[in-house]
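Residue numbers (the numbering used here), protein chains in the order written: chain A, 161 to 456; chain B, 8 to 350; chain C, 671 to 1007.
No lab work stands behind these hints: they were computed from the structure. All values derive from a computational prediction rather than experimental measurement. Check before you lean on any hint, since a few could be wrong.
The calculated label-pair distances, taken between Cβ atoms and stated as ranges, are [said to hold, decoys possible]:
(1) C:GLN734 <-> A:SER174: 35 to 43 Å
(2) A:CYS197 <-> B:ILE143: 22 to 30 Å
(3) A:LEU222 <-> B:ILE334: 52 to 60 Å
Glycine included, C-beta positions come from ideal geometry on N, C-alpha and C.
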Amino acid sequence: MPQIKIYQEDHIPSPLSRIWSAFTDNPFAFAGLWAVCCLLLLALFGPLIAPYSPEHQDPLALLLAPSWEPTGTVEHFLGTDDLGRDIFSRLLHGAHLTFGMALAIVITALLLGFIIGSISGMMKGLKSSILSHLLDALLSIPSLLMAILVVAVTGPGLGNVFWAVGIALTPQFVRAIHQAVHEELQKEYVTAARLDGANSLQIFWYVILPNVMDTMIIQTTLGISAAILDIAALGFLNLGAQAPSPEWGAMVSQGLDNLLTAPWTVTIPGVAILCSVLAINLVGDGLRSALSPIRS
Amino acid sequence: MARYLIRRLNLFLATSLVLFLVMFIVTSKFPVEHTFALTGLQSPTSQELAQIESDYQLDSSQLHQFFAYLQQRLSGNLGISATSQNPVIDELTAVLPASFELGIVAGLIALVLGLPLGVLASLSKHKITQHTIMAITLTGYSIPVFWLGLSLSLWFGVQLGWLPISGQINLLYDIRPVSGFLLIDTLLSDSQYATSAFIDALLHIILPAVTLAVLPFTVVVRITRAAMIAIMEQTYIKAAEARGLHTSIIVLRHALPNAFIPVLKNLGLMLGAFASYAMVVEVIFSWPGVGAWLVSGIYQRDYTVIQGGILAVALIIIFLSILIEVIHTAMNPLSRKELYAAN
Amino acid sequence: MPLLDIRNLTIELDTPHGRVKALERVSLTLNPGEVHGLVGESGSGRTLLAKAILGIPGHNWTIQADRMMWDGQNLMDMSPSERRVLMGSEMAMIFQDPISSLDPAIAVGTQIIEAMPENKELPWWKRGSDKRKKAQQWLHKVGIKETQKIMSSYAWELSDGECQKVMIAIAVANQPRLLIADEPTNSMEVRTQAQIFRLLSKLNQLQNVSILLISHELETLSQWCDRLTVMYSGQVMESGVTSEVIANPYHPYTKALLDNIPDYSNPEHHKTMMQTLPGSAPALQHLPIGCRLGPRCPQAQKLCVNQPSLCHQKDRYFACHFPYHNEPCHEEPLTKS
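I would like the entire structure built from these sequences, with the hints used as guidance.
Right, dumping it as structure tokens:
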């Protein structure tokens, strides 16, 4: 016999499912999430589906327009550049470089920032302020200047971009996490937990960590979009990825010579950067508004 | 308040010291002769070499070396540029005003347009208007600045031919530098072409300033909107409504000053990104500022230029961010409450 | 003629659980010059009612009413800007939390001066100092002695009581005919509470301001109010002259509230169980149909699933099918106030 419900079911959703339902209520954020998932797949498997290799030069198809132009062909869907390289394949290979590299940098910076930020946030007095202010000096060097500094020491190359952007991003993570932990520590439920006899480690793990999670998530999405833009800007300035590399920013700078005759060599990688950063920002924005009712 | 200012000053000094320390360590890591990295002299004579060693105390301990380095840099000795053989400090003072000019104009554009648009976005009841404004700002926030600059110059500079796309002013005009800001100098100049030179300088600054203004503009719109929406729900706004005040007075007198506080805070946090963007914009539009100078310095491996430029830019950013923090505290009575609590 | 006459006001809120009737067919009559108490638990819609009267609705509200007469004019027919003018001149409101009702970024004095009425007879350059003088006078009237110090302070530098006095000064400066006080003494010390209430009743006597006093404490209200209205969960339970309602409650809910007041006079009652209604007030998304007290009411019967209409009897109003008195209920004719 089916149970008869007298009252409407008073189902209280868990915080996670509440965030998820708030997130999916926003169609833009959800679209962004799909786009980010696609980007992730492309970064992993892009080279497998690319029709040509990134350095393959087709001498018969120099500066071919994209396929929707009257002069374009379907073989080179997004056209070719001045050496006859297929832009579509280069974009797919570049996703791995630009997007994958940004992810790697942010994960490293997040780990480092999490360790330093939470230690300095949990500590009090001089030690804490030394640790946090030491990195403030690094924070004042803009990411591009930091990259120039790294390049000046080690020379240009994609590997150095990792260090340059990483060193520029880490202080931001340290600062955000330090402040979040520090603010959380002032609240009364932490005092209550301490009065219950919890030691610092327990307080950090069970009391503070769940409450600084949202700051970390938001900071991560901000970090990824900043990292992509920085990597691309370095590639554009020829300080990061070097000439034949299909990194998106480098592709823009390689297309510069033909800006007037073949604008698509500049436009298409630019649109690719714009779309991926936009997708990440949409997800970040959606997450922020989904998390905000809990924060306030 | 005095105590607070002294603490901020302390912070400035300490951060600058750390910065110098970082630069000192990096200088010793440059892949060239240490003396060359310090002074920019390619092949110093034995006399000059002795001078360098005594100046930078190269045979003493690391600590002494650091203090000698600090002393040299603070007294304005940044070495000479390896490419042009001019003292770096002179080149720096020549390029700084152009960067400031660009930054100030871009910042003004962002604030003057961004604040009202943010307020409008927060007050608008139409879903479509709100979504449109948010979509535009999110796109502007995500756009790679070099690509935006290229597209703008392609459109307005090349295809439409409306605006010049490189440099600060047409080279035909000969303007005597007074303040270093070309917009002011052209007005001050007593030549008969002063007005046309001013208009020319104005036309030159439009594209780079607009390109650079996109990032702060979007940030200002978004923060203003978020702050306004939060504030309009506050009890004191409801109380002001209950007093029968007109909506425009409520917005201007009560909501906007409160909304400006988080905007100011975020402007301070944005300085670093803004400087990065400014460098790229200067390179694209051949703007004779610090950024373009630094980037050409790195292309030519001009280590003294790199050091000098980074030191100057970082010091300015540290100073400005602390200044913004002080203004923030002065403007926000609530943060003064925390000061009392701290003391 | 009553100053304010509301019939069957219904406010619906759009919540994530769908549209909810937060106020259901509320009627309220307020005569000029009286202090009217509005008692109810938190969440019973008292603040909603106050804001609806004043005309500062939230963004997810839908308001319906048979009539909302303010001194002969129907408030429902007025445009928002007309309501705003009315708010400034004839109605005023003070809020639960006085500190957050003052703008934190502006000195208190500026806000008081801003609210002072402009004397149109003076030349414009003298109006500023005139407003300032008036602000100081009003601060004196509400019992603040160091006017200079208060006016140059920020809201967070003052105590709750001082802020509430400032809010009262701002509210009465335009000489309104109705002052809505929404829990004006919430979370204040007893001494400050007494000061505020004394101030309000003095204003009522001297300036002839009608006051709608909202509180959850029946005891305090019974001390200061001429008439009482009891609300529960968005419905009016009972309304009448204070002394009669206290002495002889018709509605089970009023009686329950009165039973909740501890009786210290009779030593035999010491250590007996305090009388309370079973259960708790329903959440907004689970409102019962009919009389919302139904599930908790000791008198409830089958009929209670229909909402009882407000009965009128000798200056007493009550909404109950089975009231604590035996005379039959006459349906209230709508024309009579």
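Cross-check of the supplied hints:
1. C:GLN734 <-> A:SER174: 35 to 43 Å: Distance hint for GLN734 of chain C, SER174 of chain A holds at roughly 37 Å.
2. A:CYS197 <-> B:ILE143: 22 to 30 Å: 25 Å, holds
3. A:LEU222 <-> B:ILE334: 52 to 60 Å: 56 Å, holds
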